[in-house]
Structures are given as C-alpha cells and as structure tokens.
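Trainee: Line by line, the protein sequences are chains S and C.
Quick note: the first sequence uses UniProt numbering, first residue 1, plus one each step.
Quick note: the second sequence uses UniProt numbering, first residue 1, plus one each step.
Everything labelled a hint here was simulated from the structure, so no lab data went into it.
Model, not experiment: these values are computed from the prediction.
Ideal placement from N, C-alpha and C gives every residue a C-beta, glycine not left out.
Each hint should be verified, as a subset may be incorrect.
What the hints assert, rightly or not - Pairwise CB distance ranges, derived in the manner of DEER restraints: (1) C:R168 x S:D81: 49 to 55 Å; (2) C:P106 x S:G253: 29 to 35 Å; (3) C:D137 x S:V35: 35 to 41 Å; (4) S:G79 x C:D290: 30 to 36 Å; (5) C:R142 x S:I170: 50 to 56 Å; (6) S:S116 x C:E206: 52 to 58 Å; (7) S:P58 x C:M238: 46 to 52 Å; (8) C:E206 x S:A65: 40 to 46 Å; (9) C:A269 x S:R77: 36 to 42 Å; (10) C:R205 x S:A140: 37 to 43 Å.
Protein chains: 2
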Amino acid sequence: MTLLAGGVGGAKLAQGLDRAAAGLTVVVNTGDDAVVYGLSISPDLDTVMYTLAGIADPQQGWGIAGDTYATLEAMARLGQDTWFRLGDRDIATHVLRTARLRAGVPLSLATAELASALGVRARLLPMTDDAVATRVDTPAGRLEFQEYFVARRHADEVLGVVLDGVERAIPAPGVLEALDADVVVIGPSNPFVSIGPVLAVPGVREALAVSGARRVAVSPIVGGRALKGPAAAMLAAMGHEVSALGVARLYAGLVDVYVIDESDRGLAAAIEELGMTVMVTGTVMGGPEDRERLAREILAT
Amino acid sequence: MTLLAGGVGGAKLAQGLDRAAAGLTVVVNTGDDAVVYGLSISPDLDTVMYTLAGIADPQQGWGIAGDTYATLEAMARLGQDTWFRLGDRDIATHVLRTARLRAGVPLSLATAELASALGVRARLLPMTDDAVATRVDTPAGRLEFQEYFVARRHADEVLGVVLDGVERAIPAPGVLEALDADVVVIGPSNPFVSIGPVLAVPGVREALAVSGARRVAVSPIVGGRALKGPAAAMLAAMGHEVSALGVARLYAGLVDVYVIDESDRGLAAAIEELGMTVMVTGTVMGGPEDRERLAREILAT
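All chains should be built: construct the whole structure from the sequences, respecting the hints.
Mentor: Structure representation (structure tokens):
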C-alpha cells in the first residue's frame, strides 16, 4: 500500500496505515522544502517521519514532542530572524540531512537513513530528489511557500500556486513503482500545495491514472472547512467549491473510492456522479487508535 | 596591541587585555578547525570570542556557560558518534558560520559578524581564511587534530606536528598589519599547535621578526607543567626542555620580553641569555580581574 501525503493530515493517516499493516510506502511532498539558516529543511517528510516514529509534537503539527529552543534563542541573540521555529532535537535532523545532501547523497537516501535511525518501519520517499519550490501568488506578490505559510501565517489570499522546477523533476527512485501497489491512498492533505506537487512530478499523475491499484482519496475538507491549514481558503480563492465535492472534482479520473466524513453525507450522490465510489465514515482523526480505525476502513474498501 | 592566541590560555589573556585598554586585535589559530556533522567549527576562535563576550563556560574551557545538549542527544539517537560535544547555543554559532562560509563569505568576515553580534569590542582575526589542518604524528599514526585532542584526549605521544596546507595559506586581511602594533603579545598557548600554526602562515613569522612592536611572550609552562592541554608532553616528546626556558628557546629572535611565573624565577638568567628581557609575575590567571592585572603588567613592560 502507498500513501501520497503532505504534512499533518497525511502523517496521521500514515501512522494509521502503518499500524494497520506492514508494507507501507509514503510518497511525500517536498515542494515546501526550504533552506533556513543554511540548513536543508523538509517539513512534510519530517512531520511524517516523526509521526511514524512516535515522537511528533501532538499539538503544533511540526517538530518533536517536548523539544526545546536553546539553539533558536542563541540564533536570535546572534541577530537572526527566527520566525522559522526549529527545536533543538529537530535541528539534529536538519544538520544531518544537510551534511548528507552536501556530500552528494540524494534526499531519498538521506531520508531513508534518518527514518531507519528513528526506527520507522514504513518506507518514506520524497516525491523527487530534485529541487521543486512551491510558490504562492498573492495580492502581495509571489511568495516563497514558507514565507506565505509560516512568516505570514497563510493570511494572504492565494491567487495561484507555482511549482518552480517541477517540470524538470524526476520521481525519486521507487515512487512510480509504489503507484503500482494494491492500494494507493491520497491523504487528507491540501490538494494544491501538498498533493498537487506530488502529482505534478512528471510521470506521477500519468502512472496513477493508469495504475491497477485501488485508488482511495480522503477528503481534506470536512463540513466545508479544512481541518488544518489554508486548503479551504485556497479552494475559495481559486474558484472551487469549498467542500469535499470541490476537492473530489480535482481528483476526478484519478480516484476510485472517495472517503468523506459523516457530516458530508449529503454530498455523496454528487461525488458518485464523478465516477467515484463514496465511503462515509468519521474522517477526523484523533489519536493513534482512531487513525488505525480509519486506515482499516480504507484498506477494507 | 595585538595578541596571538590559541584557545583557553590565550582567551583569558585576551579578556585581560581587552579590559585593560581599547584597540585589541587577536590573531587566532585556525589549525584545529574541523568539520563535524557537516558544521564548520573553529574551536579557538570561538573560545576567544565567547570569553571576550563574557559567555564562555568557566569550567570546561570551550562552549557557552549553561549550555544544554538536546541537539547532541538527538544526534546520538540518529546514530551519530557524539564524541565531539557541541552545546545547543554553541551550535547556533556553527550553523551560522557554516551558512556564511557556504555562501562564499571568508572566515574573517564571518568571524567579525559573529563577534559583533555578541558585542565583542576587540577585533578577532583568524590567522588565515585558507584551510590549514593541524595533524599530529603519533605511534598510532597521523591523527586529525580533534581526533588526537578530543576523541583520544591527547593521550598519544606526539612525534611531530604537521600543518597541512599552511605553505599555501595567506594571512587573513589585517593580520600582517596587526603585527606592526605598539605591542604584540604571544599568549600562554601551546607553542606547537596553537602559536606554531599562526607563525607558520607564510609572512607572519617574518613580519614579527622585523616588527617595530615590543614583542612579549607569556610562558605556557609554569613549574615545568602546562596549565592546560598537552604542551608539556609535546615539549618532552619532541626533545625540548619541559620548562618556561624550553619554550623561550622556540621563540628566540621573535620576542623582546618573556613573562614567566614567580615559581620559575630561577630560569630568568638562562632565558635572558637568549636575548630576552624577563618579567617575573603571577602568570596563572584566575578571574577577569586577575587577567586584567596580568595584562596591565604586560602593557607596562
């Protein structure tokens, strides 16, 4: 089984799937990777990795539980702008990743090493080993993703999303093969800046479209709202319906089963008209047991 | 006034001189710089910088007072060998230095930026912006300096010191000019692996030899022992007398005034035969006031 994932929502479902069965591959968005203080940061890979390792911070959706901020405070004392928060333990990951990348190791291998060291059983794959930079067009101009997302707290209206470099990117080793699994799940992640970049890597959307896998997507919109992040605002700004149906339309032709929350049961008929089977269940994931429950329901479709 | 310095002993005297008068330049050994976890570490520059900034750890002789080790512990969890101890606040320095060097900024400018951010008044200069690697020949083979010094706790007999790359190194901007000061002080640092590399940068020894400055050296050996580190063992292993006189012989022709501790008063006559004026005082520096006291005595010679 394979999961396409962005950050928090995808990470929770990854944990559920990993608890439900062995053999999980997670293909993760790297469009919001950034270099901060000279360190190579892969926010979505780390969120998935820390969640699978059982050390993710349960509140903030990034970083390691119980982390401290001594390095960042020292950075501030050295005159640095510290809007990009990095905990001390988290920094160990970034320092090691940066050293490996500088040594010429591809991100996919550096990721496998880190995940292995943390005891992660699932296979974590970046969507590509090449540089892809998600940028967001707003009334204030084109913004780097982390500037939009972290520094400006995704408050700007999003007029469009640009995936700089994606047309030259090559799927990381194993990504296309992973789309040929028994089940491919599109996680409840932002369709524009989490799943969108994964699908935009040349060959990925095409491979998923012709895959023999049972393709299941979990709606990131519940009751007309995103559980986390700017997905709802982006749908609205870019002229899509802000609902599970609006997202389903984006995935038409790529998905066999679409999973919506019980509160969206009324949308089922319209979604089925898109050619998808709808599964209705509780999609708002709580703790690990609840994530596993949703995963088992998905695997049983 | 200018001070040539290695780590702890040089740093203490630097603080004394900086308290005694404005206008201090410190030329610092970079032969034991290393890349650890991909981070560019300059141990002697940092010891001098932290000491001048008033944040040095008073016990261990490296790092920042009260520092924590969360990043290092996370590195260990990620499978790294953590014999090279780096505190969380200290890591901020290394991360920023590394980013600046990677951006093409020379070490001298990166050092000036860091020192300025920490409020250091004195001018800190690396001996060179070029890479020089001090290596130590031992019965166990040729060792990288930090492997010899930290990992193996300078327990190996030292058969010789190699300064790899020094013959191609260029003095950092300002170094040669700084040797033309009113007073040039050689700090109580290891003559082989702290002062030796500074003097070995092409042009430095020659400039000091012809300098119009009053040249003062402070013995790193007191009562036949080094206050810190392997200086005494190195003197012995390389066939020199293990005493303030043994070091004085290494500096013959470069030094006008040689400062020895009261406990070495008996060596004064033999040292004066080398063509140096001897000053006898308490050279074992305690706290900041005591460092300033020694500095004022040196400046008054």
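Trainee: Confirm or reject each hint.
Mentor: Verification of the supplied hints:
Between R168 of chain C and D81 of chain S the Cβ separation comes to about 37 Å, which falls outside the hinted range of 49 to 55 Å. Judged by the Cβ atoms, the range 29 to 35 Å given for P106 of chain C and G253 of chain S is violated: they are separated by roughly 55 Å. In this structure, D137 of chain C and V35 of chain S meet the distance hint of 35 to 41 Å, their C-beta atoms being roughly 40 Å apart. At roughly 32 Å, the beta-carbon separation of G79 of chain S and D290 of chain C lies within the given 30 to 36 Å, and the hint holds.
Checked against the given bound of 50 to 56 Å, the beta carbons of R142 of chain C and I170 of chain S, roughly 42 Å apart, lie outside it. Roughly 54 Å separates the CB atoms of S116 of chain S and E206 of chain C, a value that falls within the hinted 52 to 58 Å. Here the CB-CB span from P58 of chain S to M238 of chain C is close to 59 Å, at odds with the stated 46 to 52 Å. The hinted window of 40 to 46 Å between E206 of chain C and A65 of chain S is violated, with their beta carbons roughly 58 Å apart.
Between A269 of chain C and R77 of chain S the Cβ separation comes to about 50 Å, which falls outside the hinted range of 36 to 42 Å. The hinted window of 37 to 43 Å between R205 of chain C and A140 of chain S is violated, with their beta carbons roughly 58 Å apart.
This entry does not satisfy hints 1, 2, 5, 7, 8, 9, 10, going by the numbered hints stated previously.
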